[in-house]
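A.B. asks: Sequence:
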Amino acid sequence: MSNRKTFDVGRDSRSGQFITVKEATTRPASTTVERIPKSGYGDTKGEPSRRK
Numbered sequence: 001m002s003n004r005k006t007f008d009v010g011r012d013s014r015s016g017q018f019i020t021v022k023e024a025t026t027r028p029a030s031t032t033v034e035r036i037p038k039s040g041y042g043d044t045k046g047e048p049s050r051r052k
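Residue numbers (the numbering used here): 1 to 52.
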């Protein structure tokens, strides 16, 4: 089991659609591999609310 708090996902730079990481690594000129936080590990969790 992985202890990472994120997972990799490929994205087409032109259309914005999600693709496989394997496909994204074969087309580096027009794609990017991003890391998405797993549920419950987002970067805003634990921050104080902005509402008053």
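It should be emphasised that the hints constitute simulated quantities derived from the structure, not laboratory data. None of the values given here were measured: they were computed from a predicted structure. A portion of the hints provided could be inaccurate.
[Claimed, not checked] Calculated pairs, PhoX-like style, for lysine-lysine (alpha carbon to alpha carbon, straight line, at most 25 Å): (1) K5 / K38; (2) K22 / K5; (3) K38 / K22.
[As the list claims (entries may be wrong)] Distance ranges between label pairs, derived from CB positions: (4) D8 / A29: 23 to 29 Å; (5) R35 / S15: 17 to 23 Å; (6) R27 / N3: 18 to 24 Å; (7) R14 / I36: 17 to 23 Å; (8) P28 / T6: 31 to 37 Å; (9) A29 / K5: 25 to 31 Å; (10) A29 / V9: 27 to 33 Å; (11) N3 / S30: 28 to 34 Å; (12) R14 / Y41: 14 to 20 Å; (13) R14 / G40: 27 to 33 Å.
Positions of the beta carbon are idealized from the N, C-alpha and C atoms, including for glycine.
A.B. asks: Per the hint of 17 to 23 Å, is the separation of the Cβ atoms of R14 and I36 within bounds?
C.D. replies: This hint holds: roughly 20 Å between Cβ atoms.
A.B. asks: Falls inside 14 to 20 Å, the C-beta gap from R14 to Y41?
C.D. replies: violated (29 Å)
A.B. asks: Could you check the hint for me, namely that A29 and V9 are 27 to 33 Å apart, CB to CB?
C.D. replies: violated (18 Å)
A.B. asks: A range of 25 to 31 Å was offered for this pair. Does it hold for the Cβ distance of A29 and K5?
C.D. replies: holds (29 Å)
A.B. asks: Please test the hint of 31 to 37 Å on the beta carbon pair from P28 and T6.
C.D. replies: Since P28 and T6 have Cβ atoms about 20 Å apart, the given range 31 to 37 Å is violated.
A.B. asks: What's the verdict on K38 and K22, does the C-alpha distance respect the 25 Å limit or exceed it?
C.D. replies: holds (20 Å)
A.B. asks: Taking the Cβ atom of R27 and the Cβ atom of N3, is their distance within the range 18 to 24 Å?
C.D. replies: violated (30 Å)
A.B. asks: Quick check: does the Cβ-Cβ distance between D8 and A29 fall within 23 to 29 Å?
C.D. replies: violated (19 Å)
A.B. asks: For K5 and K38, compute the direct alpha-carbon distance and say whether it is at most 25 Å.
C.D. replies: holds (6 Å)
A.B. asks: Does the Cβ-Cβ separation between N3 and S30 fall within 28 to 34 Å?
C.D. replies: holds (32 Å)
A.B. asks: Quick one, are K22 and K5 close enough, alpha carbons at most 25 Å?
C.D. replies: holds (20 Å)
A.B. asks: Taking 17 to 23 Å as the stated bounds, is the beta-carbon spacing between R35 and S15 within them?
C.D. replies: holds (20 Å)
Checked against the numbered hints above, the structure breaks hints 4, 6, 8, 10 and 12 and satisfies the rest.
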